[in-house]
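Chains A and B are the protein sequences, given in the same order. Quick note: the first sequence uses this note's numbering, first residue 1, plus one each step. Quick note: the second sequence uses this note's numbering, first residue 1001, plus one each step.
Ranges of calculated distance between the beta carbons of each label pair, as one might list FRET restraints:
#1 1076(B) - 176(A): 50 to 58 Å
#2 1044(B) - 218(A): 42 to 50 Å
#3 1030(B) - 134(A): 40 to 48 Å
#4 1024(B) - 157(A): 39 to 47 Å
#5 1044(B) - 228(A): 30 to 38 Å
#6 176(A) - 1029(B): 53 to 61 Å
#7 261(A) - 1030(B): 33 to 41 Å
#8 228(A) - 1076(B): 23 to 31 Å
#9 92(A) - 1018(B): 14 to 22 Å
#10 18(A) - 1007(B): 22 to 30 Å
#11 1029(B) - 32(A): 38 to 46 Å
#12 18(A) - 1004(B): 29 to 37 Å
#13 212(A) - 1036(B): 45 to 53 Å
Honestly, the hints are just simulated from the structure, not real lab data. From the three backbone atoms N, C-alpha and C, an ideal C-beta is built for every residue, glycine too.
Here is how the chains run, residue by residue.
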Amino acid sequence: MAELVGIFAASHGPLIARDWARLPDPLKQRLSAAYGELGRRIAAAEVDVIVGLAPDHWTNFFLDNLPALCIGVGDEHGGPPEPFMRDFAPNPIPGDPALGQHILATALAADFEPALSYRLRLDHGMCLPLSRLALSRMPRIVPILINELEPPMLSYRRCLAWGRLLRQAIASHAAPVRVAILATGGLSHSIGEPTMGAIDEAFDRRSLDAFARGEEGPLVDLLEHGAAHAGNGAHEIRNWAVAHGAAGSRGFELIDYIPAPEVYVGCAFAAWR
Amino acid sequence: MRGMRDYWLSKLCFDLQDPARVAEYRGDRDAVLAHYPLKPEVRAAVVADDVGALARLTNPYLLRYYFAAAGMPDAEFITRLRASAPVDG
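Next comes chain A alone, as it looks inside the complex:
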């Protein structure tokens, strides 16, 4: 049977790639250390497959068709389309159709209604963290894209339920594979709004404290009422909430929190217990 061997989260931001050469050295060192620590743990866990929880930045979906959640079941996925990610490898990115289809079937059997895709393009939201993990061998990826741009968006309570479902699906998958969950995105940031560039450090620290304490009720209350005021990018904390649900709402170890106005993002990195 499959085994869930680790649950992790990391922020992303296009400027971490596009403007890397121009970022201050201390910031680059802290970001590299945080991504590197996650990469070290994922490598040590000998992960075969990463279930990647990521937003879509208008790469796959548009106002023509905007699913709340989409599971990538393809045997491969397209790499990032952004010019500043052109060096990402491997491209295409290997998938795991068996696990993707099993998650889909488990979800449908439990009255969840995901969309599916046989070929997603994975933008910087998924690929920037993957590239910065500096893994010597890229695991197969089962992407789960969670809409965090426009309604319809999952409620945070539903995110926790999705996480529990994900854990159940991985545990019941017949293949003997080692699976990690990697949530990407958040914390506070604001893109294309009058508050663009602002980071709500107080909200970020309250959120991290709520994740660390683990209790679902206070966490949901904080995120449902607070995230919408922490910039539109804070919607991506939904991915963290799914990971939290998958971890059984146990607390996590905060690897680092870096409020980084240079990249417009309150950057956080964590591993669940």
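Once you've looked at the hints, dock chain B against the given chain A.
Chain B only, in chain A's frame:
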């Protein structure tokens, strides 16, 4: 609940994620705009680089893509956003 998005403005912004389309747009804006049945007032706002007006009509991420494609530096984009009426996000 935020207001309705302007579909064709949003489609223009979405399509301008493609570097080839960006080059075309910077070379001949009118030729590219001809492919999008924009309302006259929306087209006028596009031509005028009216950040505040367009911010009320499309998603903030798409708005940023648009002005990056149009060649507006982030600092100017942010200054114009802040000078405009508050918008949802």
